[in-house]
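Trainee: We have chain A; now place chain B onto it with these hints.
Residue numbers (the numbering used here), protein chains in the order written: chain A, 1 to 117; chain B, 118 to 228.
Check each hint, because a few of them may be wrong.
To be verified - In silico contact screen, one side only, chain A against chain B (beta carbon under 7 Å); selected entries: (1) D38; (2) M41; (3) G42; (4) L45; (5) Y48; (6) F90; (7) G104; (8) G109; (9) G111; (10) T115; (11) L117.
Unchecked claim - In silico negatives: residues of chain A with every beta carbon more than 10 Å from chain B: (12) P8; (13) G16; (14) Q22; (15) S33; (16) L43; (17) G63; (18) R77; (19) L78; (20) T103.
The hints are simulated quantities; they were obtained by calculation from the structure and are not laboratory data.
These numbers come from a predicted model, not from an experiment.
Idealized CB from N, CA, C, for every residue including glycine.
Below are the chains, spelled out letter by letter.
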Amino acid sequence: NAGVTQTPKFQVLKTGQSMTLQCAQDMNHEYMSWYRQDPGMGLRLIHYSVGAGITDQGEVPNGYNVSRSTTEDFPLRLLSAAPSQTSVYFCASSYEGTSGSSTGELFFGEGSRLTVL
Amino acid sequence: DQQVKQNSPSLSVQEGRISILNCDYTNSMFDYFLWYKKYPAEGPTFLISISSIKDKNEDGRFTVFLNKSAKHLSLHIVPSQPGDSAVYFCAARYSYDKVIFGPGTSLSVIP
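With the rest of the complex left out, here is chain A (with noise of 0.2 Å):
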């Protein structure tokens, strides 16, 4: 029971460089998210999707892209890295059930460090 994976655990860049963080879910959720964890700021939303081609901007979206092509994957790109995106970044899923009875619950992936020097 995989649940959401993330890869790669650990990764340096150096500024100006691109990569691609995955994120892929084997529950079939339909919302999928990315988080950053930073000291005393807590966990702070980057980008969302709600469905399959269905993307929106959290609260710090800058630097960051994202697409949703499949339910089970939702990869996030930086396209030139920068010092100040190195951070823990967290994958997140959840369900959407009928009748109201989602609660909102997340189910994380276990984080993908990534240093910028």
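Mentor: Coordinates of chain B only, in the frame set by chain A:
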């Protein structure tokens, strides 16, 4: 401007006593409030939630109280155990949409 606030960065409690973690929010459009627990080097895990139409929800040792007029919620843990030591995040959800988190409170339960 933070929509979900946790004004206490840390809290220490003796084992067996009650832990009370507080959270304030600014947006009346939230329909669900949630608490998550996080250990170092792990992803957050869901603890308990409450609908905006309720004022209390209980699950074992964990109870969440919601005061909508004050835009305030709290998580009570009774009795506190050393294994409860973790960072606790308060979160709020817009109706079937994005979930916003607070900055977290680090709880230490002292044996």
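Trainee: Taking the shortest Cβ-to-Cβ distance between A/S33 and chain B, state whether it exceeds 10 Å.
Mentor: 7 Å, violated
Trainee: Per the CB criterion, is A/G104 less than 7 Å away from chain B?
Mentor: 4 Å, holds
Trainee: Let me know if the C-beta of A/T115 comes in closer than 7 Å to any C-beta of chain B, holds or violated.
Mentor: 15 Å, violated
Trainee: Would you assess whether A/R77, listed as outside the interface, keeps its beta-carbon beyond 10 Å of every beta-carbon in chain B?
Mentor: 19 Å, holds
Trainee: Taking C-beta pairs only, is A/Q22 more than 10 Å away from all of chain B?
Mentor: 15 Å, holds
Trainee: Regarding the hint that A/Y48 lies at the interface with chain B, is the smallest CB-CB distance below 7 Å?
Mentor: 5 Å, holds
Trainee: Holds or violated: is the Cβ of A/G109 closer than 7 Å to a Cβ in chain B?
Mentor: 5 Å, holds
Trainee: Once the shortest beta carbon distance from A/L45 to chain B is found, is it less than 7 Å?
Mentor: For A/L45, the interface hint holds, since the closest Cβ of chain B sits about 6 Å away, which is under 7 Å.
Trainee: Given A/G42 as an interface hint, is the shortest Cβ-Cβ distance to chain B below 7 Å?
Mentor: 4 Å, holds
Trainee: Should the interface hint for A/G111 be scored as holding, given a Cβ-Cβ cut-off of 7 Å against chain B?
Mentor: A/G111 check passes; min Cβ-Cβ to chain B is 6 Å, inside 7 Å.
Trainee: Does the claim that A/G63 lies off the interface hold, with its Cβ farther than 10 Å from every Cβ of chain B?
Mentor: Its Cβ never comes within 10 Å of chain B, the nearest being 19 Å, so this holds.
Trainee: Beyond 10 Å from every Cβ of chain B: is that where the Cβ of A/T103 lies?
Mentor: The claim is violated: A/T103 sits with its nearest Cβ about 5 Å from chain B, within 10 Å.
Consistency with the previously given hints fails for numbers 1, 10, 11, 15, 16 and 20, ordered from lowest to highest.
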